[in-house]
Each structure stands twice: as structure tokens, then as C-alpha cells.
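Colleague: So you can see what is in the structure, the chains are spelled out below.
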Amino acid sequence: MQWETVIGLEIHTQLLTRSKIFSGAPTAFGAEPNTQACPVDLGMPGVLPVLNRRAVELAVRFGTAIGAEIARRSVFARKNYFYPDLPKGYQISQYELPVVGRGAVEISLEDGSTKTIGVTRAHLEEDAGKSLHEDFQGMTGIDLNRAGTPLLEIVSEPDMRSPAEAVAYARKIHQLVRYIGISDGNMQEGSFRMDANVSVRPRGQHALGTRTELKNLNSFRFLEKALAFEVERQVEVIESGGAVVQETRLYDADRDETRPMRGKEEANDYRYFPDPDLLPLEIDTAFIAAATRDLPELPDARRRRFVSQYGLKDHDAGVLTASRELADFFEEVTEVCGEARLAATWVMGDLAAALNRTALEIQGSPVDAAMLGGLLQRILDETLSGKIAKQVFEAMWAGEGTADEIIQARGLKQISDSAELEAIVDEVIAANPKQVEQFRAGKEKLLGFFVGQVMKATRGQANPKQVNALLRKRLQG
Amino acid sequence: MHQFSLARLAAGLAAGEFSSRELTAHFLDRIERHDPRLNAFVTVTRDAALAQAGAADARLRAGEAGPLTGIPLAHKDIFCTEGVRTSCASRMLDGFTAPYDATVVERLKAAGMVMLGKTNMDEFAMGSSSETSWYGPVKNPWDPARVPGGSSGGSAAAVAARLAPAATGTDTGGSIRQPAALCGLSGLKPTYGRVSRWGMIAFASSLDQGGPMARSAEDLALLLPAMAGFDERDSTSSPEPVPDYPAQLDEDVKGLRVGLPREWFREGLDAGVAASIEEARRVLEGLGVVFRDIDLPNSALAVPAYYVVAPAECSSNLARYDGVRYGYRCEAPRDLEDLYRRSRSEAFGAEVKRRIMMGTYVLSAGYYDAYYLKAQKIRRLIADDFRAAFAEVDLILGPTSPTRAFRLGEKTADPVTMYLSDIYTIAVNLAGLPGLTVPAPMAGGLPVGLQLVGDYFQEGRLLNLAHRLQRTTDWHLATPPGFD
Numbered sequence: 006m007q008w009e010t011v012i013g014l015e016i017h018t019q020l021l022t023r024s025k026i027f028s029g030a031p032t033a034f035g036a037e038p039n040t041q042a043c044p045v046d047l048g049m050p051g052v053l054p055v056l057n058r059r060a061v062e063l064a065v066r067f068g069t070a071i072g073a074e075i076a077r078r079s080v081f082a083r084k085n086y087f088y089p090d091l092p093k094g095y096q097i098s099q100y101e102l103p104v105v106g107r108g109a110v111e112i113s114l115e116d117g118s119t120k121t122i123g124v125t126r127a128h129l130e131e132d133a134g135k136s137l138h139e140d141f142q143g144m145t146g147i148d149l150n151r152a153g154t155p156l157l158e159i160v161s162e163p164d165m166r167s168p169a170e171a172v173a174y175a176r177k178i179h180q181l182v183r184y185i186g187i188s189d190g191n192m193q194e195g196s197f198r199m200d201a202n203v204s205v206r207p208r209g210q211h212a213l214g215t216r217t218e219l220k221n222l223n224s225f226r227f228l229e230k231a232l233a234f235e236v237e238r239q240v241e242v243i244e245s246g247g248a249v250v251q252e253t254r255l256y257d258a259d260r261d262e263t264r265p266m267r268g269k270e271e272a273n274d275y276r277y278f279p280d281p282d283l284l285p286l287e288i289d290t291a292f293i294a295a296a297t298r299d300l301p302e303l304p305d306a307r308r309r310r311f312v313s314q315y316g317l318k319d320h321d322a323g324v325l326t327a328s329r330e331l332a333d334f335f336e337e338v339t340e341v342c343g344e345a346r347l348a349a350t351w352v353m354g355d356l357a358a359a360l361n362r363t364a365l366e367i368q369g370s371p372v373d374a375a376m377l378g379g380l381l382q383r384i385l386d387e388t389l390s391g392k393i394a395k396q397v398f399e400a401m402w403a404g405e406g407t408a409d410e411i412i413q414a415r416g417l418k419q420i421s422d423s424a425e426l427e428a429i430v431d432e433v434i435a436a437n438p439k440q441v442e443q444f445r446a447g448k449e450k451l452l453g454f455f456v457g458q459v460m461k462a463t464r465g466q467a468n469p470k471q472v473n474a475l476l477r478k479r480l481q482g
Numbered sequence: 032m033h034q035f036s037l038a039r040l041a042a043g044l045a046a047g048e049f050s051s052r053e054l055t056a057h058f059l060d061r062i063e064r065h066d067p068r069l070n071a072f073v074t075v076t077r078d079a080a081l082a083q084a085g086a087a088d089a090r091l092r093a094g095e096a097g098p099l100t101g102i103p104l105a106h107k108d109i110f111c112t113e114g115v116r117t118s119c120a121s122r123m124l125d126g127f128t129a130p131y132d133a134t135v136v137e138r139l140k141a142a143g144m145v146m147l148g149k150t151n152m153d154e155f156a157m158g159s160s161s162e163t164s165w166y167g168p169v170k171n172p173w174d175p176a177r178v179p180g181g182s183s184g185g186s187a188a189a190v191a192a193r194l195a196p197a198a199t200g201t202d203t204g205g206s207i208r209q210p211a212a213l214c215g216l217s218g219l220k221p222t223y224g225r226v227s228r229w230g231m232i233a234f235a236s237s238l239d240q241g242g243p244m245a246r247s248a249e250d251l252a253l254l255l256p257a258m259a260g261f262d263e264r265d266s267t268s269s270p271e272p273v274p275d276y277p278a279q280l281d282e283d284v285k286g287l288r289v290g291l292p293r294e295w296f297r298e299g300l301d302a303g304v305a306a307s308i309e310e311a312r313r314v315l316e317g318l319g320v321v322f323r324d325i326d327l328p329n330s331a332l333a334v335p336a337y338y339v340v341a342p343a344e345c346s347s348n349l350a351r352y353d354g355v356r357y358g359y360r361c362e363a364p365r366d367l368e369d370l371y372r373r374s375r376s377e378a379f380g381a382e383v384k385r386r387i388m389m390g391t392y393v394l395s396a397g398y399y400d401a402y403y404l405k406a407q408k409i410r411r412l413i414a415d416d417f418r419a420a421f422a423e424v425d426l427i428l429g430p431t432s433p434t435r436a437f438r439l440g441e442k443t444a445d446p447v448t449m450y451l452s453d454i455y456t457i458a459v460n461l462a463g464l465p466g467l468t469v470p471a472p473m474a475g476g477l478p479v480g481l482q483l484v485g486d487y488f489q490e491g492r493l494l495n496l497a498h499r500l501q502r503t504t505d506w507h508l509a510t511p512p513g514f515d
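Going down the list, the sequences are from chains S and R. Going by our numbering, 11 is the number at position 6 of the first sequence; the sequence numbering is gapless. Going by our numbering, 395 is the number at position 364 of the second sequence; the sequence numbering is gapless.
It is worth saying that the hints were derived from the structure and are not from the lab. If a hint is listed, it holds; no wrong ones were tucked in.
BS3-like cross-link-like pairs, simulated, lysine-lysine; straight-line CA separation at most 30 Å:
(1) K384/R with K84/S
(2) K84/S with K405/R
(3) K84/S with K408/R
All of these numbers come straight from a predicted model, not from anything done at the bench.
Please put together the full structure from these sequences, using the hints given.
Modeller: Shown next as C-alpha cells:
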């Protein structure tokens with residue numbers, strides 16, 4: 006039997022607002038427990054929610070970026086359930102009328118093709134607090150700092166057919182929310198959390214199989230591994246005559262397996278109803294225009310432009326537009342040095358390697374775009390050879406200054422002065438009569454030897470093109 | 032002093048005839064003397080009241096006083112008061128001290144009013160007799176064997192017994208108007224959104240509205256501007272400007288068109304109440320008011336719709352009382368489920384539990400459309416009835432409650448009979464309209480309430496007509512025996 010995998014993702018992304026979605030308490034991460042929770046977040050008697058306008062603007066930016074319809078009228082609803090980290094006994098979310106309607110994103114697959122993944126909806130909601138089971142012997146601690154943090158829940162269509170596609174989609178959404186500045190996407194801090202719905206069906210069958218929901222997927226790697234495990238598990242269950250049970254399963258990264266979630270009531274009836282404390286959210290054209298006015302060029306469009314404008318390969322354009330910061334960096338380097346392909350080579354090569362080595366993000370690079378552009382200028386005007394340029398780059402990385410400062414300080418300027426080079430070439434020829442004889446006898450390969458000698462004599466600073474030309478002239482002379 | 036109107040009190044304070052401290056002490060002494068018979072107060076804040084009075088006296092001396100500065104009042108114990116227990120008359124919040132003031136409390140405090148204490152009520156405002164309080168029932172000053180109405184029964188009893196010149200109340204289905212009617216007071220439920228709900232403990236958020244309770248329409252007109260107005264902390268509060276209500280009080284009512292809903296004068300209405308309303312109607316006719324019969328065809332659906340919507344919202348609003356962060360927590364819970372189950376079972380009274388269960392039921396999957404959604408449709412129909420009526424008349428007049436004060440325990444065994452006590456007030460909440468009650472002539476030694484309903488934000492018109500009535504009658508001046 007050939008099996009087909011069907012995957013849909015629900016992604017919760019924390020919106021970059023200063024204060025919470027329904028209160029004025031700050032959203033900064035990492036504060037002492039319960040120091041960033043005001044009476045509204047604590048669900049005190051008599052408190053009322055007031056919608057954070059910024060959260061709505063960010064949701065509208067997302068909707069616009071995926072070509073979705075922005076609902077002119079959406080409604081906040083209460084999702085009722087009891088849990089200690091849910092202070093009010095209900096979560097304020099959106100149910101029947103979400104703020105962002107149907108949209109789509111395009112993902113690139115391994116084989117170079119692209120695929121469109123539908124986004125069913127995206128809605129605003131508040132986050133719950135955190136239950137802390139460590140440090141409290143036999144008891145549970147509650148930290149409500151996170152309670153009320155604005156989230157955008159992005160729900161995809163069941164359009165993905167493999168774990169790899171699911172990861173490509175998740176990465177795409179991750180790239181996008183960061184690109185348009187609505188979330189920092191920080192997965193360690195829980196700013197980007199993924200749940201996956203997965204089922205399998207015999208290839209060719211139209212009806213969907215019974216799905217399971219996978220929770221606790223906080224990295225792309227775990228997403229892929231959990232899905233791979235779960236697909237295999239479901240196929241095994243069915244092939245051994247069993248039936249998949251619709252349930253929520255947790256991924257255990259340590260054991261690399263999924264298992265049914267224990268304890269939490271499964272058949273929860275959330276008794277959704279419109280929250281009477283909040284008026285329906287009305288959004289007009291002017292609001293949308295204002296919220297999206299400074300929306301940047303989106304990654305797909307930018308990638309296409311990099312190919313057409315700079316003549317980059319599509320793959321390279323994809324790498325360089327992975328984040329807005331990287332793409333901005335590349336464009337600034339290009340602007341400074343005037344040569345896009347050289348800029349691309351360096352940004353994806355030496356710079357990326359150095360960032361990788363030191364586990365830094367592009368924003369934290371000690372070599373900024375102007376500095377790298379300055380270095381590339383010196384390559385283009387032949388002040389530096391490629392090899393010396395690498396040394397200069399390392400010196401810049403170490404904080405020794407700009408390329409020009411380092412060239413000056415280290416005396417690394419390429420020797421392009423013909424008279425000076427001619428003298429050195431003559432010396433080398435004079436010092437190696439045997440090799441000269443062999444060369445002249447037709448052993449042309451020896452040119453490399455002479456170049457090496459000149460380079461050695463100049464400590465690598467000789468302009469290789471000139472050295473080549475001079476040597477040929479003299480040796481053949 | 033305890034018989035003085037708010038205007039008279041303000042004049043006395045301004046003239047230095049008495050100080051706010053003296054006035055406040057006078058009311059505190061009356062509370063001490065009379066309240067044990069009534070149980071109108073759950074908390075009396077003597078020291079804080081005298082300190083506030085002292086501050087008010089300083090403002091009065093400095094010439095920085097407003098029309099309410101130095102005048103004492105009582106707050107229903109549903110309004111959060113910083114540093115003072117806010118119980119909602121529930122065991123659940125018996126030990127709860129609010130960390131902030133409700134907007135209503137804050138605004139009246141800013142106006143210089145002195146808080147005497149917090150008044151008793153039905154638990155979480157669920158009830159029509161003030162018998163469901165964790166602190167025991169409130170007695171009607173007119174007859175201590177009878178209920179004062181509810182849920183704002185403590186506020187009503189306190190003002191009727193002259194233990195406070197005025198009080199705040201909240202009205203979800205009649206909780207200001209019905210107790211005011213049963214105690215012989217004037218009470219106003221403003222338009223939904225007129226008064227901020229911030230800090231007012233929620234029962235049914237789409238229906239709850241705070242308002243003043245006092246002894247005359249004029250007093251209400253003085254209190255309302257200090258309570259009303261937009262509040263950025265309440266998204267449902269209205270940006271509509273607050274008019275100068277006192278300035279409208281004396282406007283001519285000649286030619287005013289007032290509708291009498293046929294549905295409000297049918298079976299179920301006590302004959303004594305009907306006769307009293309008719310007498311009041313004739314007085315108003317004498318003032319030039321033009322009456323005509325109108326129809327509110329969906330009136331009979333109001334109580335059933337209300338007992339779907341209000342419990343639904345309450346079941347969700349009261350979910351926060353879980354024993355985790357504040358409020359009552361059961362002894363030695365075995366686990367989380369036990370903590371929830373016992374804390375809530377032990378701390379909520381029977382009526383609150385009944386409504387939580389009803390509300391949970393009507394919101395459940397499979398029942399939502401049949402109950403909650405249908406009730407919301409009925410709600411629109413009821414609002415449409417009123418809209419159609421206000422195309423023909425300026426105000427609507429009728430009884431506030433079908434009966435006079437009933438005996439303690441008389442209706443506690445039969446919730447539905449109790450619910451029908453609000454049969455004329457509930458529709459007004461469902462539509463979000465302003466409603467006012469003023470005393471009609473007494474019947475059999477007990478007060479009767481006359482209800483006026485206006486179009487949205489027409490509080491000024493309601494107060495105007497009520498004041499003109501009170502200028503020509505003395506029904507509102509009657510004092511319960513033993514409290515004059």
C-alpha cells in the first residue's frame with residue numbers, strides 16, 4: 006500500500022507589542038515571575054479587557070503580506086476551560102470571525118519546484134501563563150507574566166504532503182513574521198510555537214484519514230522528526246489492522262517519539278461565545294493603509310528582484326533573502342562596492358562562515374555592511390588580492406579597523422607598481438637560471454613556480470595579474 | 032440632617048451650617064443604631080469615612096468643593112474599593128480586599144463624596160430579594176418581615192432608612208429599580224455604557240449597569256454626572272457626552288407623549304400596584320402629559336431570554352473564582368480537580384450555582400444555537416419593539432415590579448416566581464435602555480414603584496418627568512416608621 010501524508014500546521018506567533026493584548030502590562034521576556042502581571046492579567050474581580058491597537062495593526066500586516074482578506078468586522082470570543090495558568094477561566098480568542106481570512110504562501114521544495122500552501126485564517130488571542138512544576142515540591146507554581154501576551158494563531162490548510170514540506174512552510178511563516186516585523190520569532194523564548202495535525206491515507210483516496218495533533222514542537226528539527234515518527238507510527242497502526250485514534254500527542258525530543266498527552270481532558274467543550282466585554286473589532290480601509298504603509302518588500306518579491314536586478318542565481322537570492330536583515334546587509338554591501346556578485350560571494354562565504362563560527366546573527370556582525378563593502382572596493386580596484394583580502398577580513402572581524410586602516414597599518418597594499426615589480430621579476434629570473442632554461446625549453450608549467458617566487462619575495466602583495474604578464478614577457482623575451 | 036436632600040446637604044455644607052465630619056458621624060451613628068435590624072451594610076468604614084470627611088471639609092473651606100463634596104454615600108459591595116473588603120456578598124470573596132477602586136468609586140471619591148461603607152446584596156447580584164447573601168438577608172425598613180428587593184437591597188434599605196443620603200447600585204435585570212421600588216426610593220439604571228463597569232464585579236457583562244439610588248429624582252440628577260462618562264478602561268462605555276442633568280429637571284412636560292405598554296398591565300400585576308400606578312398617571316396627565324397605549328409584543332419573551340443570556344455570561348464571568356489566586360480555597364485539596372470542585376461548591380450559594388449550571392448548559396455544544404443564539408435573537412426583537420415604540424412616544428410608563436415587597440422566604444423555594452419579580456424591568460436591560468423608578472402612592476402601607484423607560488441616553492428626560500412628578504406630590508418623602 007502506498008500512503009500519502011497530510012499535514013496542516015497551527016502556528017502561534019507572539020506579536021511584537023510593548024504591552025499585552027488586553028492590558029497595559031509589559032510583555033518583555035524573562036522578568037521575575039508574576040512581576041509583569043497587572044490586575045487584568047491576574048483575572049481580578051471587576052477588571053475589563055481593552056484591545057491593544059498595535060496587536061491589530063500587526064495582524065493586519067500579516068494578513069496583507071499573505072494576500073489574505075482582512076475582516077472588516079471580527080469578533081473576540083471566550084474559550085472557556087479551567088486551568089491554573091488561565092486566570093479568568095477563559096481565554097479571549099477569535100472563533101467564528103477571525104481578523105485575517107484566507108491567504109497563501111509559496112514554499113520552495115528540495116527539487117527546486119515551488120508549491121502554494123493555503124492559510125485558512127489567522128486570529129488574535131491572548132496567551133496563558135505558565136505552570137512551573139520544578140522547584141515546588143509536590144506543588145505547582147504559576148507565573149502569569151506571559152498571561153495576556155498577544156498571539157497571532159496562523160492556521161494552514163492541510164496542504165502539506167511530507168514533513169519536509171511542513172518544515173518548509175513553517176520556515177516560510179517564520180521568515181515572513183520576522184521580515185514584516187510582527188514577531189521576533191524567537192523559538193527558545195516561545196515566540197513561535199508550532200502544533201501539527203497529521204494523518205495518512207492510501208494514495209489516491211480523497212477522504213482524509215483520522216488525524217492526531219502534535220504539540221510541543223519548538224524547533225524545525227523537532228517538527229520534522231516528530232512528523233516523521235508520527236507518520237510512520239500511523240502507517241504501522243493501520244497496516245497492523247488497527248485504527249488511528251484522534252488525540253493530542255506530545256513530542257518527546259529525548260526519546261524521539263510522540264505519545265498521547267496525559268491528564269488534560271480530551272473532549273473539552275470550550276463553550277465559545279462572543280466576549281461581551283469587547284466590542285466587535287471594526288477595521289476600515291484607512292486603518293489597513295496605515296498599518297501596512299511601511300510594510301517592506303516581501304521576501305519572495307525581493308528574491309525575484311535579486312535575480313533580475315543583480316543577476317544572482319535563484320538559490321543565492323533565496324539564501325540572501327532568508328531574513329530582512331541579511332538582504333538589507335547584502336544590498337548595502339552591493340551599494341558600497343558596486344559589484345553584486347562579489348558582494349554575494351563574500352556575504353554567503355567568508356561572512357556567513359565567520360557568523361556561523363561565532364554563532365552570531367547578521368545584526369551582531371562585528372563587520373558591518375559598509376566595512377565589508379569597503380574591503381570589496383579594495384579588491385575591485387586591485388589594491389588587494391583575494392588572498393590578502395581574506396586576511397584583511399579576519400583583521401576587521403577582530404576589530405582592527407576598516408579595510409583601509411588595516412591595509413595601511415599592515416602595509417598590505419598590493420604592489421602594482423611596474424618598475425618595482427619588474428625589478429623583483431628580474432631578480433627571480435636571475436636567481437633561477439635552471440628553471441628559466443627549462444621554461445624556455447617548453448616546460449610552461451614552471452610559470453607557476455616563478456609566480457610563487459615573486460609572491461614570496463613580495464609576501465604575497467604583488468598584483469598577480471601583473472606578475473603573470475611580466476614573467477611571460479621576460480621569460481619569453 | 033438625615034432627611035435632607037442632596038441639594039440641601041450641599042447648601043448646609045457650603046454655608047458651614049454643619050461640617051462633613053458632623054454629617055458623616057451622624058450617619059455612622061444612625062448605621063450603628065439601626066442597621067442591626069436591617070443588615071443593610073456588610074462593611075462600615077467609620078475611620079476612613081471620618082478621614083474622607085475631614086478632607087472634604089478642607090476642600091469646602093478652601094473653596095474647592097463641588098456639588099457633592101462632603102456628602103456621604105454607601106457603595107454596593109459589588110464595586111471594588113481599594114483596601115476595603117469587596118465581597119459581592121459571597122463566601123467566595125469574604126476575605127477579598129480589592130487592590131483598586133472601581134471607576135464609579137474613584138469618580139465619586141474625586142467629587143468629594145464620603146464612603147460610609149459597603150452594602151449588602153444578593154450574592155454576585157443574583158437575586159431579587161437580597162436573601163442570597165452570605166451575610167444573611169436584608170430587611171425592608173417598611174416592614175422587617177419583608178424583603179427590600181434585590182439585588183441592591185442593602186443600598187435600598189440603607190437609603191430608605193436614612194442611614195445614607197444616597198447609594199450606588201447595579202442593575203442587570205432590575206437590581207436597582209426593583210429594590211428602589213420596594214423600599215420607596217428613586218433609582219436609575221442608565222443606558223448600557225453610560226456608566227463604566229471597570230471595577231464593578233461582573234455578573235452578566237452585556238446587561239450590567241451601575242447607577243444611583245436616592246430619595247428623589249433631583250438627587251439622582253446630581254449623582255449621575257459624577258458617575259457617568261467614557262472610561263478608557265471599559266471598551267463598552269460610551270463616548271456620548273454627559274449632559275447637565277440638573278439643568279433639565281424643571282423643563283416643561285406639557286405635551287410629552289408617554290406610552291403605556293398593554294403587556295405590562297395584564298394578569299400577574301397586583302391590583303394595589305395597578306391602582307397606585309393609575310393614580311400617578313392621573314397626576315402626570317394633570318401636568319399635561321399625553322398618554323397612549325402601545326404594544327411591546329415580545330414582552331413575554333424577556334424573562335426566558337434573560338435567563339439564558341445572563342446565566343450564560345455569568346457562568347463564564349464566575350469561572351475566575353477557582354481558589355487559585357485569591358478568594359476562598361477549600362481546606363487541604365487532594366489535587367487540582369478537588370481544589371476547583373470543593374472551593375466552588377463550598378463558597379458559592381445555591382442561586383449562584385443554579386445560574387452557573389444553567390449558563391454552562393445553554394453554551395454547551397449542541398445547545399448553543401437552540402438557547403444562546405435564539406435568546407440573542409429575541410433580544411434584538413425586544414430592542415426592535417422599543418425602537419418602534421419610541422417612534423411614537425417619548426417615554427414609556429408602567430409598574431416597576433408586579434408586586435409590593437414580599438415576605439422573607441416567601442419566594443425562595445420557587446426560583447421562577449422570584450424571577451417574575453423582574454418581569455417589567457428585564458426587557459429594559461436586554462435592550463440596553465435607561466430605566467428609572469420613582470415612588471407612586473403607597474398601597475397597604477408598602478411602597479409602589481412607577482417605572483419610566485426612555486430611549487438611549489435620554490436619562491435627562493426620565494429625570495425631568497420624575498422630578499416634575501415629585502414637585503407636585505410628596506410620595507417620595509414618606510419615611511419608614513421608626514427611621515424618621
